[in-house]
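Per the UniProt record's numbering: the sequence shown = residues 1 to 179.
Just to be clear, a hint being listed does not mean it is correct.
What the hints assert, rightly or not - Between beta-carbon pairs, the in silico distance windows are:
#, residue 1, residue 2, range
1, Ala48, Ile24, 15 to 25 Å
2, Ile24, Ile64, 48 to 58 Å
3, Val119, Ala165, 35 to 45 Å
Everything labelled a hint here was simulated from the structure, so no lab data went into it. The C-beta atom is built at its ideal place from N, Cα and C for all residues, glycine as well.
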Amino acid sequence: MGVIDRHRVSPWPALPMDEAYRVIEDEATLVTTKRVAVWEIDIGDVVAEDICSAYNVPEVRTSIKDGYAVLASDPPGKRTVIGFSTAGSPCNKTINPGECVRVSTGAFVPDSATGVVMVERTKLLEHDGSEELVIEVEGNTADGQDIRLPGSDTSLGDLLLEKGAVVGSAELGILLASG
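Given the sequences, and given the hints that come with them, work out the whole structure.
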């Protein structure tokens, strides 16, 4: 139907409010809600209540890049590699001046580290055939450099989805990432 054929008067009869409410009650279907685990949520589901983050994401300090956790106060130069931290194998050795811990992207950053130097800003000076022993850091490291702080994606209690939201792929990703 084109604009010239449109209705000039509504084809639907006007109803008194009490009758309109009766029609709504007769035609509407009851929607039930149930609590489900996050992995049971499907695209197209409707959120029955506000959903808030149950914890910080990330939960701990993590590395933004592959590199080395260092003391930002150390000047450029040699560092002894005292351990390594990967996504499933955290290392929380205390880093002293002149030392570092090799870290992978997303891995736990030791509590004593104050920055991360990306691998591209280092040179390998010594190894034992399989592990790095001594590296050289080129340039200064800023305090907090390349460290994701706990809660930097979402913090405990942050609103993730509002009541009534329809779950799409983005919303499902947010929920799965937030547990």
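Structure-based check of all given hints:
The hinted range of 15 to 25 Å is satisfied by Ala48 and Ile24, whose Cβ atoms lie roughly 21 Å apart. In this structure the hint that Ile24 and Ile64 lie 48 to 58 Å apart at CB holds, the actual value being about 53 Å. Taken as a hint, the range 35 to 45 Å holds for the pair Val119 and Ala165, whose Cβ atoms sit roughly 41 Å apart.
Hint violations for this structure: none, all hints satisfied.
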